[in-house]
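Undergrad: Okay, here's what each chain looks like letter by letter:
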Amino acid sequence: MAEVTFNDIIKPENLAYRKSALMTDNVMHYCPGCGHGTAHQVLAEVLEEENLQERTVGITPVGCSVLMYNYIDVDFQEAAHGRAPALATAVKRLMPDKFVFTYQGDGDLAAIGTAETIHTCNRGENILIIFINNGIYGMTGGQMAPTTLPGMKSSTSPYGRDVSMMGSPIKMADIVALLPGTCYVTRQSVNTAGGVRKFKKALKKAVQYQNEKRGTCFIEVVSNCPSGWKMTPVESNKWMEENMFPFYPLGDIKVPAE
Amino acid sequence: MAKIKGAVVVDREKCKGCEVCVVTCPTQTLALATEVNSKGYHFSYAANPETCIGCSNCAVVCPDGVITVYKVKIG
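Protein sequences, first through last, are from chains L and Z. According to my numbering, the first sequence is numbered sequentially starting from 1. According to my numbering, the second sequence is numbered sequentially starting from 1.
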């Protein structure tokens, strides 16, 4: 049999994976290796596969992902710092047929927006909250966040987080799972191919539950911040697996009864 | 037995050289180039294209979506 050359394989009918058509051609401003990019790709894939482009409203936060609307080709609304769940509540109540999601970092969701997050989940608003947890304030220069691990160094805790003075890290997913309004709470990661595929499944479940009006879905993504942690992307993924995953264990925290 | 053969195409100009795809590849197909693209990043490329099995793991974890994967069944 004749040898198959590279050019024989590269044909549209042999396509195995391409980036989602909902991703724009803009080059993302994220640092090399940042988990935000991967999370955006997966989200765009799910919106494309579920045919949601025309009826999605995303709420962007303040933080690194503030410019998310440049990268995914769906409708977006920018919220004030931490207020994305409140804005999402308004959008969903006024336009109940829309698919509404917020995409927030840990500084946005777990620090300034704690009240909005908890009360939105407590009311059981029919929205999806995607929470990117990298344990640091990435955009402003790697300051300590509420989710920073004990002993973890940041630019405002150069000797490591001192729990006696600064308190312990807050596990937002576990907190909102206790509230009766939440329907689906899970913690995922995007550093490996397996993790990405699990995150995609979780997003698809969240879309299904929102269509069935089951309540708030909350997906936490434990992510990395190579620049803030001052590591290479590969080192930061390894550090995350060794230090973040034991404290923020992956998996479903609350699943609705079928 | 049917054999799967894959091929990866990397958008060199958009690649930021984070190396996540290189460590994810199960067959060591990808590597970072010694030369750089116009932004100064050591972009990823298929160093051993004949070993690619088209599993798409590299493209799935790529934060910048610069990798396209093709695969074909032989025999």
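By construction, these hints were calculated from the structure, which means they are not laboratory data. The beta carbon of each residue, even a glycine, is placed where N, CA and C say it ideally should be. Hints are supplied without guarantee of correctness; some may be wrong.
To be verified - Simulated crosslink set (SDA-like; lysine to any residue; CA at most 25 angstroms straight-line): (1) Z:LYS3 <-> Z:LYS39; (2) Z:LYS14 <-> Z:TYR41; (3) L:LYS204 <-> L:SER164; (4) L:LYS19 <-> Z:ASN37; (5) Z:LYS71 <-> Z:VAL9; (6) Z:LYS39 <-> L:VAL46; (7) Z:LYS14 <-> L:ARG197; (8) Z:LYS14 <-> L:LYS205; (9) L:LYS254 <-> L:GLY181; (10) L:LYS19 <-> Z:LYS73; (11) L:LYS230 <-> Z:VAL23; (12) L:LYS198 <-> Z:ALA47; (13) L:LYS238 <-> Z:ALA46; (14) L:LYS19 <-> Z:PRO49; (15) L:LYS254 <-> L:VAL46; (16) Z:LYS14 <-> L:ALA86; (17) Z:LYS73 <-> L:ASP8; (18) L:LYS11 <-> L:GLU54; (19) Z:LYS14 <-> L:GLU48; (20) Z:LYS39 <-> L:VAL66; (21) Z:LYS3 <-> L:THR5; (22) Z:LYS71 <-> L:VAL4; (23) L:LYS238 <-> L:THR156; (24) Z:LYS39 <-> L:GLY141; (25) Z:LYS73 <-> L:ARG18; (26) Z:LYS71 <-> L:LYS98; (27) L:LYS19 <-> Z:GLY75; (28) Z:LYS71 <-> L:MET152; (29) Z:LYS3 <-> Z:THR51; (30) L:LYS98 <-> L:ALA86; (31) Z:LYS14 <-> L:PRO32; (32) L:LYS200 <-> Z:ASN37; (33) L:LYS201 <-> L:GLU48; (34) Z:LYS73 <-> L:ALA193; (35) L:LYS19 <-> L:VAL46.
What the hints assert, rightly or not - Stretch-level coverage of chain L by chain Z, calculated; a stretch enters the list once three of its residues show a Cβ under 8 angstroms from a Cβ in chain Z: (36) 18 to 27; (37) 33 to 47; (38) 137 to 151; (39) 162 to 170.
Undergrad: Does each hint fit the structure? Answer for all of them.
TA: How the hints compare with the structure:
1. Only pairs whose Cα atoms come within 25 angstroms are accepted, and Z:LYS3 paired with Z:LYS39 is rejected, the gap being roughly 38 angstroms.
2. A hinted pair counts as satisfied when its Cα atoms are at most 25 angstroms apart, and Z:LYS14 with Z:TYR41 qualifies at roughly 9 angstroms.
3. A C-alpha spacing of about 41 angstroms is found between L:LYS204 and L:SER164, which places the hinted pair above 25 angstroms, so the restraint is violated.
4. Annotation: proposed proximity of L:LYS19 to Z:ASN37 holds, straight-line Cα distance about 21 angstroms (limit 25 angstroms).
5. Our distance criterion of 25 angstroms between C-alpha atoms is met by Z:LYS71 and Z:VAL9, whose separation comes to about 11 angstroms.
6. In summary, the hint linking Z:LYS39 to L:VAL46 is not supported, as the alpha carbons are separated by about 31 angstroms, beyond the 25 angstroms threshold.
7. Of the supplied pair hints, the one linking Z:LYS14 and L:ARG197 holds, its CA atoms being roughly 23 angstroms apart against a limit of 25 angstroms.
8. Under the criterion of a C-alpha separation no larger than 25 angstroms, the hint pairing Z:LYS14 with L:LYS205 is inconsistent with the structure, at around 32 angstroms.
9. The hinted pair formed by L:LYS254 and L:GLY181 meets the criterion: a straight-line CA distance of about 11 angstroms does not exceed 25 angstroms.
10. This hinted pair checks out: L:LYS19 and Z:LYS73 have alpha carbons roughly 22 angstroms apart, not beyond 25 angstroms.
11. Restraint check: the Cα-Cα separation between L:LYS230 and Z:VAL23 comes to about 19 angstroms, which is no more than 25 angstroms; the hinted pair holds.
12. Between L:LYS198 and Z:ALA47 the alpha-carbon distance is near 29 angstroms, which puts this suggested pair outside the 25 angstroms criterion.
13. As the CA atoms of L:LYS238 and Z:ALA46 are separated by approximately 24 angstroms, the hinted pair is consistent with the 25 angstroms bound.
14. Between L:LYS19 and Z:PRO49 the CA atoms are separated by roughly 20 angstroms; this keeps the pair inside 25 angstroms, and the hint holds.
15. Between the alpha carbons of L:LYS254 and L:VAL46 the distance comes to roughly 21 angstroms, so the proposed pair stays at or under 25 angstroms and holds.
16. For the hint linking Z:LYS14 to L:ALA86, the alpha-carbon distance of about 36 angstroms lies beyond 25 angstroms, and the restraint is violated.
17. Between Z:LYS73 and L:ASP8 the alpha-carbon distance is near 12 angstroms, which keeps this suggested pair within the 25 angstroms criterion.
18. This hinted pair does not check out: L:LYS11 and L:GLU54 have alpha carbons roughly 30 angstroms apart, beyond 25 angstroms.
19. Proposed proximity of Z:LYS14 and L:GLU48 is supported: the alpha carbons are some 22 angstroms apart, at most 25 angstroms.
20. Proximity of Z:LYS39 to L:VAL66 is assessed by CA-CA distance (about 23 angstroms); at most 25 angstroms being required, the pair is judged to hold.
21. About 14 angstroms separates the Cα atoms of Z:LYS3 and L:THR5, which keeps this hinted pair within 25 angstroms; it holds.
22. A distance of roughly 11 angstroms separates the Cα atoms of Z:LYS71 and L:VAL4; the hinted pair therefore holds under the 25 angstroms criterion.
23. Restraint check for L:LYS238 and L:THR156: the C-alpha separation of about 23 angstroms stays at or below 25 angstroms, so the hint holds.
24. In summary, the hint linking Z:LYS39 to L:GLY141 is supported, as the alpha carbons are separated by about 22 angstroms, within the 25 angstroms threshold.
25. Between Z:LYS73 and L:ARG18 the alpha-carbon distance is near 18 angstroms, which keeps this suggested pair within the 25 angstroms criterion.
26. A C-alpha spacing of about 37 angstroms is found between Z:LYS71 and L:LYS98, which places the hinted pair above 25 angstroms, so the restraint is violated.
27. With a C-alpha separation of about 29 angstroms, the suggested pairing of L:LYS19 with Z:GLY75 is violated against the 25 angstroms cut-off.
28. At roughly 43 angstroms between alpha-carbon atoms, Z:LYS71 and L:MET152 are farther apart than 25 angstroms, so this suggested pair is violated.
29. For a cut-off of 25 angstroms, the pair hint linking Z:LYS3 to Z:THR51 stands: about 12 angstroms separates their Cα positions.
30. About 16 angstroms separates the Cα atoms of L:LYS98 and L:ALA86, which keeps this hinted pair within 25 angstroms; it holds.
31. At roughly 11 angstroms between alpha-carbon atoms, Z:LYS14 and L:PRO32 fall within 25 angstroms of each other, so this suggested pair holds.
32. As the CA atoms of L:LYS200 and Z:ASN37 are separated by approximately 31 angstroms, the hinted pair breaks the 25 angstroms bound.
33. With a C-alpha separation of about 14 angstroms, the suggested pairing of L:LYS201 with L:GLU48 holds against the 25 angstroms cut-off.
34. Annotation: proposed proximity of Z:LYS73 to L:ALA193 holds, straight-line Cα distance about 22 angstroms (limit 25 angstroms).
35. At most 25 angstroms may separate the alpha-carbon atoms for a hinted pair to count; L:LYS19 and L:VAL46 meet this at roughly 12 angstroms.
36. Residue count for the segment 18 to 27 of chain L with a Cβ under 8 angstroms from a Cβ of chain Z: 5. That meets the three needed, and the coverage hint holds.
37. Coverage of a stretch by a chain is defined here by at least three residues with a beta carbon nearer than 8 angstroms to that chain's beta carbons; for the segment 33 to 47 of chain L and chain Z the count is 7, and the condition holds.
38. Requiring three or more residues with a Cβ within less than 8 angstroms of a Cβ of chain Z, the coverage given for the segment 137 to 151 of chain L is violated, as only 0 such residues are present.
39. Remark: the segment 162 to 170 of chain L is not confirmed as covered by chain Z, as 0 of its residues place a Cβ nearer than 8 angstroms to a Cβ of that chain, below the required three.
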